[in-house]
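Please put together the full structure from these sequences, using the hints given.
Protein sequences appear in the order of chains A and B. End of the first sequence = 389 in our numbering, gap-free, step of one. End of the second sequence = 650 in our numbering, gap-free, step of one.
Just so you know, the hints here were simulated from the structure itself, not pulled from any lab data. Warning: the hint list may mix true and false statements.
Calculated pairs, DSSO-like style, for lysine-lysine (alpha carbon to alpha carbon, straight line, at most 30 Å) [said to hold, decoys possible]: (1) B:LYS507 - B:LYS2; (2) B:LYS104 - B:LYS165; (3) B:LYS104 - B:LYS171; (4) A:LYS266 - A:LYS121; (5) A:LYS16 - A:LYS91; (6) A:LYS96 - B:LYS579; (7) A:LYS153 - A:LYS16; (8) A:LYS16 - B:LYS579; (9) A:LYS91 - B:LYS579.
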Amino acid sequence: MSNPFRAARDLFVSLKLTVVLLVLSIILIFWATLSQTDLGVWGVQQKFFHSLFVVVKIPGTEVMAPIYPGGYLIGGLLLVNLLAAHFYRFKYTWRKTGIWLTHLGLILLLVGELLSGLQQKDYDLTINNGQTLNYAESQRDDEVAIIDDTDAKNDVVTAIPNRLLEGGDTIQTPGLPFRVVPQFFFQNVNLTRRENAPDAPPSMATAGIGSRLAVIPLPATGKENERNLPAAYVELVGAQGSLGTFLVSSFLEMPQHFSYGGRDWKIIMRPARRYFPFSVTLQKFRHDVYPGTDNAVNFSSDVTLHQPDGSTRNFHIYMNNPLRYGGLTFYQASFLPGDQTSILEVVRNPSWRIPYIACAMMAVGMIFQFLLSLTRFWNRHRAADYSVA
Amino acid sequence: MKAFLSFLRRWLPLLAVAGGAIFLALMFIPPSNPTDLDVVGFGRLPVLSGGRMKPMDTVARSSLLQIQHRQDIYLDDAAGLPPAKEDILTPIEWLLDVIYRPAKADTDRIFVIDNQDLLNLAGQTSESVAIHYPDTERSILADFDFMPANWRRFSYAQLKPYLDKIDNQAKLANDVPAQSRSAFQNAVVQLFESLVLYQRLESTVQVPGADHFVNELLDFQSALPQGIEALRAKEAGQAHNEELAEGMLRIGERYNALATATDVLVIPPAAAADLNGWKTAGRSLLESFGTQRVDENELIYAGLGAAWRSQRADEFNHLIGVYTQELQREFGSRLGKTNLEVLFNSAEPFYRAMPLYVIVFLLAIMAWIFWPESFRRAALGLAFLTWVVMAAGILTRMWLEGRPPVTNLYSSALYIGWGGVLICLVLETVFPLAIALLPAAAVGFATLFIAQHLALSGDTMEMMRAVLDSNFWLATHVLTVTSGYFTTFVAGGLGLVYICGGLFTTKLTPKARDALARMVYAVICFATLFSFVGTVLGGIWADQSWGRFWGWDPKENGALIIVLWNALILHARWGGMVKQRGLMCLAVFGNVVTSWSWFGTNMLGIGLHSYGFTTAAFWWLILFVASQIVFIALGLIPLARWRSFAAVSV
Numbered sequence: 001m002s003n004p005f006r007a008a009r010d011l012f013v014s015l016k017l018t019v020v021l022l023v024l025s026i027i028l029i030f031w032a033t034l035s036q037t038d039l040g041v042w043g044v045q046q047k048f049f050h051s052l053f054v055v056v057k058i059p060g061t062e063v064m065a066p067i068y069p070g071g072y073l074i075g076g077l078l079l080v081n082l083l084a085a086h087f088y089r090f091k092y093t094w095r096k097t098g099i100w101l102t103h104l105g106l107i108l109l110l111v112g113e114l115l116s117g118l119q120q121k122d123y124d125l126t127i128n129n130g131q132t133l134n135y136a137e138s139q140r141d142d143e144v145a146i147i148d149d150t151d152a153k154n155d156v157v158t159a160i161p162n163r164l165l166e167g168g169d170t171i172q173t174p175g176l177p178f179r180v181v182p183q184f185f186f187q188n189v190n191l192t193r194r195e196n197a198p199d200a201p202p203s204m205a206t207a208g209i210g211s212r213l214a215v216i217p218l219p220a221t222g223k224e225n226e227r228n229l230p231a232a233y234v235e236l237v238g239a240q241g242s243l244g245t246f247l248v249s250s251f252l253e254m255p256q257h258f259s260y261g262g263r264d265w266k267i268i269m270r271p272a273r274r275y276f277p278f279s280v281t282l283q284k285f286r287h288d289v290y291p292g293t294d295n296a297v298n299f300s301s302d303v304t305l306h307q308p309d310g311s312t313r314n315f316h317i318y319m320n321n322p323l324r325y326g327g328l329t330f331y332q333a334s335f336l337p338g339d340q341t342s343i344l345e346v347v348r349n350p351s352w353r354i355p356y357i358a359c360a361m362m363a364v365g366m367i368f369q370f371l372l373s374l375t376r377f378w379n380r381h382r383a384a385d386y387s388v389a
Numbered sequence: 001m002k003a004f005l006s007f008l009r010r011w012l013p014l015l016a017v018a019g020g021a022i023f024l025a026l027m028f029i030p031p032s033n034p035t036d037l038d039v040v041g042f043g044r045l046p047v048l049s050g051g052r053m054k055p056m057d058t059v060a061r062s063s064l065l066q067i068q069h070r071q072d073i074y075l076d077d078a079a080g081l082p083p084a085k086e087d088i089l090t091p092i093e094w095l096l097d098v099i100y101r102p103a104k105a106d107t108d109r110i111f112v113i114d115n116q117d118l119l120n121l122a123g124q125t126s127e128s129v130a131i132h133y134p135d136t137e138r139s140i141l142a143d144f145d146f147m148p149a150n151w152r153r154f155s156y157a158q159l160k161p162y163l164d165k166i167d168n169q170a171k172l173a174n175d176v177p178a179q180s181r182s183a184f185q186n187a188v189v190q191l192f193e194s195l196v197l198y199q200r201l202e203s204t205v206q207v208p209g210a211d212h213f214v215n216e217l218l219d220f221q222s223a224l225p226q227g228i229e230a231l232r233a234k235e236a237g238q239a240h241n242e243e244l245a246e247g248m249l250r251i252g253e254r255y256n257a258l259a260t261a262t263d264v265l266v267i268p269p270a271a272a273a274d275l276n277g278w279k280t281a282g283r284s285l286l287e288s289f290g291t292q293r294v295d296e297n298e299l300i301y302a303g304l305g306a307a308w309r310s311q312r313a314d315e316f317n318h319l320i321g322v323y324t325q326e327l328q329r330e331f332g333s334r335l336g337k338t339n340l341e342v343l344f345n346s347a348e349p350f351y352r353a354m355p356l357y358v359i360v361f362l363l364a365i366m367a368w369i370f371w372p373e374s375f376r377r378a379a380l381g382l383a384f385l386t387w388v389v390m391a392a393g394i395l396t397r398m399w400l401e402g403r404p405p406v407t408n409l410y411s412s413a414l415y416i417g418w419g420g421v422l423i424c425l426v427l428e429t430v431f432p433l434a435i436a437l438l439p440a441a442a443v444g445f446a447t448l449f450i451a452q453h454l455a456l457s458g459d460t461m462e463m464m465r466a467v468l469d470s471n472f473w474l475a476t477h478v479l480t481v482t483s484g485y486f487t488t489f490v491a492g493g494l495g496l497v498y499i500c501g502g503l504f505t506t507k508l509t510p511k512a513r514d515a516l517a518r519m520v521y522a523v524i525c526f527a528t529l530f531s532f533v534g535t536v537l538g539g540i541w542a543d544q545s546w547g548r549f550w551g552w553d554p555k556e557n558g559a560l561i562i563v564l565w566n567a568l569i570l571h572a573r574w575g576g577m578v579k580q581r582g583l584m585c586l587a588v589f590g591n592v593v594t595s596w597s598w599f600g601t602n603m604l605g606i607g608l609h610s611y612g613f614t615t616a617a618f619w620w621l622i623l624f625v626a627s628q629i630v631f632i633a634l635g636l637i638p639l640a641r642w643r644s645f646a647a648v649s650v
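Structure below.
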């Protein structure tokens with residue numbers, strides 16, 4: 001075996017590496033916790049944990065530099081360290097069962113955390129008393145919906161995720177008789193009437209309301225209770241030429257209308273929707289307070305689920321008691337003032353069971369190991385004399 | 001003499017425990033009335049406040065703790081030292097004055113102001129706050145800071161001319177997020193809140209300052225039938241007695257203002273189980289317009305006011321008796337809890353336990369120097385006794401609340417103290433070397449001291465926030481995570497014994513070192529297990545409630561750091577990277593990690609767990625962390641300079 005290979009092997013199986021990685025992860029978590037006051041929990045996750053390196057702007061310059069290992073790197077190295085140490089060093093004996101189980105659980109936990117980081121999707125279902133909805137809205141992602149509403153009964157919706165607009169490539173789909181050409185994309189904006197912002201650069205919009213508005217770009221936010229309001233200039237180009245450039249933004253709540261090819265169209269940027277194969281009716285939102293105070297005892301939503309087969313089921317969703325249905329979990333998350341509107345958080349996380357299994361393995365492993373140590377300790381202790389003379 | 005000493009040596013443990021027991025037995029003396037008026041009986045009257053039924057006594061005490069940071073009112077604050085009994089106003093006497101004689105209560109010096117800018121705002125100068133002692137002895141003592149040199153509490157009457165200014169500054173400060181307020185902004189917001197609390201208490205039972213409230217109510221009652229008739233006629237546009245109708249409207253406005261001026265609901269419902277049936281005095285008076293009669297409970301409260309203002313004991317005590325008897329019929333066993341709470345308030349078991357832990361510490365130190373076994377047993381016995389009292393106090397709180405032991409930051413401090421002392425007592429029985437008694441006393445005292453300060457934020461048995469309202473998770477996740485805290489603290493405390501004992505004394509024998517190393521190792525194993533299982537249970541709770549197993553919430557991160565730190569210690573030990581001394585230094589740093597998780601994360605003011613407080617605690621945290629780092633630095637001094645190690649090598 002060559003020398004550098006042996007050196008690498010010795011490094012990756014060593015407990016020293018484990019300790020170093022633990023120190024690095026403690027510092028990372030501490031730093032990330034402090035940063036939450038500025039970045040918010042979502043921003044922190046992206047910057048510190050779901051990254052290979054923590055990238056920081058060097059003070060006084062615009063240069064971004066990786067200055068510290070991120071969550072994926074430390075977690076990955078811990079995983080390699082664990083696997084290497086177990087395959088290379090540990091011989092299985094029954095006395096090691098606890099250690100094996102604990103570390104296997106840890107491997108599973110790290111993998112599970114990676115999977116849920118990649119797979120988990122969060123949506124909000126904002127619903128009024130008596131309302132029925134068959135979709136939830138993304139908490140962070142937006143889309144541009146182009147809707148053919150010529151038919152009074154049915155709309156034909158084509159939704160383009162914002163990340164495609166961000167890419168800047170022309171979008172052509174069989175559902176639309178025109179191409180969508182992204183001209184410019186903003187992560188987060190404030191919109192105002194042009195007369196209120198005389199210094200703003202001229203609008204690129206040639207159709208819709210956009211020519212009368214000024215776009216004021218804002219820094220993107222990652223804070224928990226703030227939402228980015230993106231905007232984009234998109235040009236629609238048909239076979240005979242341009243239909244015009246529209247300014248679309250989640251800041252604008254109303255769609256913009258236009259006609260093309262003898263049909264009526266709407267274009268709007270809105271929170272990305274996830275449609276369900278079922279629908280949900282909010283029967284009653286309740287918000288109880290402790291008598292004589294404004295402090296909440298509980299929030300709850302009585303909902304009816306209209307299943308694809310036509311049958312219905314009733315559920316009572318409240319704090320600490322979510323509804324799990326169709327691979328989605330519905331939690332009582334919040335409400336709007338006035339107690340008429342409930343906000344349910346809808347989460348899709350196929351790997352939610354992994355941490356349960358992993359942690360059970362680790363807990364059993366640790367208990368086994370420590371009980372073993374305790375008996376050994378006790379046997380030795382009885383042999384020793386600790387009384388004060 | 002020699003016979004006496006050997007007698008003392010033999011009986012010392014028993015004497016210590018007996019002395020402690022007598023001291024603790026004093027707390028079972030029920031509270032007594034300072035005068036003939038049954039104010040203790042008034043303190044037992046149940047009210048609904050903050051969503052739970054509690055005695056008036058608790059309302060008085062928790063309000064005073066918030067406003068003036070202590071329970072009793074010293075009428076002669078200049079006396080400084082604990083004053084004589086006649087110079088003390090008990091909390092419930094104070095509350096009676098606030099409700100019934102606000103003009104008198106307005107002159108009690110209760111509002112704490114320490115901030116210099118705030119003192120200026122309130123019109124105080126360095127001359128006006130200086131205390132002038134009549135005698136030279138006390139003046140000299142004051143010069144040396146043994147007696148207070150300046151007033152730090154001010155009366156409502158003193159502050160009254162400046163209320164507008166205070167109000168204005170508090171509104172300005174309120175716009176600033178709590179974690180970025182200046183010392184002045186914090187102080188002015190706190191003073192403002194105290195003033196509001198005080199003003200709202202005045203409206204608990206009657207219109208503030210109404211000296212003839214019984215007569216007012218009786219007149220109101222007799223005028224009701226015709227008054228309502230006149231109002232109806234007026235509304236229908238028929239002929240009516242205008243004066244009567246106008247009078248009714250005026251009184252309606254008066255009681256409407258009273259109805260929302262307080263958070264204390266004093267008028268009990270007809271059925272004891274109906275918590276939503278409790279009303280404020282004003283609300284019950286407004287309902288008189290419908291029922292055409294004044295609620296008799298309100299009449300009794302008004303009558304108590306008349307008796308209190310004229311200090312007529314027979315009338316006061318008679319009304320208390322009548323009211324209590326009436327309540328007994330419907331509320332019966334429920335009064336058991338409020339009555340016990342009054343006894344619990346006056347017993348103050350946690351407050352009494354504090355000096356005993358100091359004595360345990362001193363006895364344990366003595367055991368290192370002199371008559372080891374005798375002092376050790378004395379310390380162990382006394383520590384056990386104090387631990388039992390703590391346990392009894394925690395159990396009483398659990399019964400009163402109907403909750404697992406830890407529901408807020410205050411109760412977490414009690415539980416950490418209780419658990420930490422328990423582990424130390426077990427360790428001391430296994431390794432009878434008077435070693436574990438030191439961290440026992442330190443953890444016990446420190447946590448009670450912290451709890452004492454946390455109580456300043458109000459009712460320590462407050463109701464749970466909706467998300468946290470789950471006895472199952474409180475009993476599992478919260479208890480295991482908190483157990484992780486106290487085990488880590490105990491390991492750190494033992495590490496401190498090793499460093500201080502080894503560096504500064506010659507008493508850290510190889511046997512003691514070996515025992516310490518084993519103790520620390522065993523405790524860290526448990527700490528890893530507890531903090532891991534606790535963190536995981538928190539993850540499961542979060543998954544059940546919010547749909548994510550792990551959310552990177554500051555408190556979650558804090559708990560995770562404890563797990564990682566303990567895991568690091570174990571791996572460093574297994575890998576031979578640290579020996580005995582390194583183990584101790586790492587264990588001491590565990591104190592830093594745990595205190596960050598316990599308090600530091602709450603100070604960020606973000607996340608689901610930010611139910612805690614406060615900025616004053618921030619500096620204490622910094623100080624604590626700095627002290628631990630100093631100890632670790634001391635631990636890194638070469639062994640040759642350690643007195644215990646030098647002694648061996650000689």
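Cross-check of the supplied hints:
1. B:LYS507 - B:LYS2: Answer holds: B:LYS507 to B:LYS2 is near 26 Å, not above 30 Å.
2. B:LYS104 - B:LYS165: holds, 24 Å
3. B:LYS104 - B:LYS171: The given pair, whose Cα atoms are some 29 Å apart, holds under the 30 Å limit.
4. A:LYS266 - A:LYS121: Holds, at roughly 28 Å.
5. A:LYS16 - A:LYS91: Holds, at about 19 Å.
6. A:LYS96 - B:LYS579: Answer holds: A:LYS96 to B:LYS579 is near 23 Å, not above 30 Å.
7. A:LYS153 - A:LYS16: violated, 68 Å
8. A:LYS16 - B:LYS579: Roughly 14 Å between the alpha carbons, so the hint for A:LYS16 and B:LYS579 holds.
9. A:LYS91 - B:LYS579: holds, 25 Å
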